[in-house]
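Asks: Listed here are the chains, written in short residue letters.
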Amino acid sequence: MNRLEELNQMKMEIETMPEEMQMPTLKARVKKRVWRHRALVAVRNVMITLVALMGGLTIGVNTSESFADSVKSIPVLNKLAAAVNFSGGYEDAVREEYVTKIGKVVKTKYGDVVLSYAMSDDSTLVMFFGGDWEKKHRDLMLSKLIDADTGKEIRWSGCTSALGEKEKSWKVLDPCWREYHKHVTAELELSKWDGKKGEHKVLETVSFTFTTDKKLKSKEFTVKKEFEANGFSYRIEKVTMYPLSTRVEVICLDDIGTDAEQTLGMKFSLVGKNESRSVIEHNGGTVLGETIEPGHYIYYLESGYYMMDSGEVTLCLDEIDQLPKEQKEVIYDSKKKTLTDGKGELKDIKVIKESKNRGGEKPFEDGTKGKWLTVEVPDGIIRNVFSYAKKPDGTLGDIEHWCGESDSHYESFPIAEDWRDEDGKICLIRNYPEYIIKTDIKIPLKK
Amino acid sequence: MKDQEFMDRIEPMRKKLYAVAYPYFGSESMAVDAVDEAIYKGFLKKRQLRKPEFFETWLVRILINVCNSKYQHYKKQVGMEELPEDASPSEIENLPLKEAIRKLPEKYREVILLKFFGGYTLAEIAELTDSPQGTVATRMRKALELLRMEVAE
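So the sequence lines, in the order shown, correspond to chains A and B.
Per numbering that gives the first Met the number 0, the first sequence starts with residue 0, numbered consecutively.
Per numbering that gives the first Met the number 0, the second sequence starts with residue 0, numbered consecutively.
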């Protein structure tokens, strides 16, 4: 067969078109392909728009407070803005729509004070404040809480902002209370720090009445886990998980029936399937005026409430800070310039000097006779080495700390003359641990 | 151009499109796939066609591009190599015409397929390949020499 015959044969082969080339099927295939293309383009465009929107929001919310505030006033978008602005347990609460938008403004001479959000449960009320007063280095402190329904004052404590310390763009006030109140009036003091007097000067008081919408039930776990650390016996009695905080009740069995608080603190963390929460605040023995018996300790952690949704959560005890009772009292001998506890002279802290004034400042502004005591502390030691002085009559005198720079090796604090006994000795109550014990105690909390 | 008008214009061209695509692969399904893709691409870009009278030229050009692109992939799959431009006829003289055409350099293969399977004149091929008519004539002559074909112009 020559080339021309081959060519004709090839032409013959394609003379009959396959069925797929029939117009209706060809048209259907092309339309399907076009439809798929258009759907993909639409999805791609939506994704690009969403990514750009999220990116813009993230940058905007984190770089401009006013932008963040304006975004939060837009329905739906406020949740996106909140998701990038809150953190940890509060973010969980925001995600679960547990936060209530308040948006109330009180005008003052020192700028607007804005109560933007609030949320509450049986243990905590959290208020998120904003406004331009912050730029003028003013501070906002909670002075009173009132139940707006009954007009009665609400007992509260522990307003440390500790639970909200991560929320850099807000001033967070988070008092603990004993039960949930729906309608609340919060009275606050706008103040200025007076460095000379060492106190806050109240400039103006502001008041907000608001409603928090929703209360969720707490989850209680009776643990009764006993363990020993460095010769001390403990029992983790109960864990109560609220949406906004987790309360851990611990008993130091060796402290029952004594006045000695031989456990200065514990560090806990809550570990879930994919995330964890760490200890936030130790409220010690003074929670909300509750009578906490000797040996009992209450710790508040950032909440793991919403982590329970994805399964069990583990409470981990990571560290215990101890101070044996024989080392609790430290005798300062002003003649010998020594510090001595039940085990002998302190080696880590040394007396440097006593002085009548410190940089021109008297030790007591109210005329109390006294001096400054300066001690040398080693690197990395906890500051505020003594919390009280035990007076000769057995009562306690507060030691107010006027520490220098945080990296200084010296710490000065005022001591009053009437704290000394006949021999010129002062009994100081130590405030830092002797033993810091790392532990690996894990307690699963099941739903 | 509206969707329906586009499809109406496709209908009389189907046979020609299939005839140009088939020799590239010697496979019905691959030829249909190439035609589908060319029509789909044309449909998406139909707004870019400024002069409707050049619809056929425009669509065949799309088809050639699709076929060339698919053919590059196909060659790698079957391990086939094209002849260089200065190849001698003896290198493919013993091959069947189908295979010999596929081994031709791309620009020679194009003119052969458009002429004998698409039924286009040299002037039309020049238009389709965006080349001067003289160049097309030269390519045609060289392609026929390589295939050892004698065809009256």
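For the record, the hints were derived by calculation from the structure and aren't laboratory data.
Don't take each hint at face value.
[To be verified] With a cut-off of at most 27 Å between alpha-carbon atoms, the simulated BS3-like pairs for lysine-lysine come out as follows:
id : chain 1 : residue 1 : chain 2 : residue 2
1  : B       : K44       : A       : K26
2  : A       : K10       : B       : K106
3  : A       : K106      : A       : K200
4  : B       : K1        : A       : K10
5  : A       : K30       : B       : K106
6  : B       : K45       : A       : K10
7  : B       : K15       : A       : K26
8  : A       : K26       : B       : K14
Asks: All the hints need checking, so say for each whether the structure fits it.
Replies: The hints, checked one at a time:
At roughly 16 Å between alpha-carbon atoms, K44 of chain B and K26 of chain A fall within 27 Å of each other, so this suggested pair holds. Between the alpha carbons of K10 of chain A and K106 of chain B the distance comes to roughly 21 Å, so the proposed pair stays at or under 27 Å and holds. At roughly 19 Å between alpha-carbon atoms, K106 of chain A and K200 of chain A fall within 27 Å of each other, so this suggested pair holds. Proposed proximity of K1 of chain B and K10 of chain A is contradicted: the alpha carbons are some 34 Å apart, above 27 Å.
Among the hinted pairs, K30 of chain A with K106 of chain B is inconsistent with the structure: their alpha-carbon atoms are about 32 Å apart, more than 27 Å. Taking the CA atoms of K45 of chain B and K10 of chain A, the gap is about 30 Å. The hint is violated against a cut of 27 Å. Distance hint between K15 of chain B and K26 of chain A is fulfilled; the C-alpha atoms sit about 17 Å from each other, no more than 27 Å. For a cut-off of 27 Å, the pair hint linking K26 of chain A to K14 of chain B stands: about 15 Å separates their Cα positions.
Checked against the numbered hints listed earlier, the structure breaks hints 4, 5 and 6; every other hint is satisfied.
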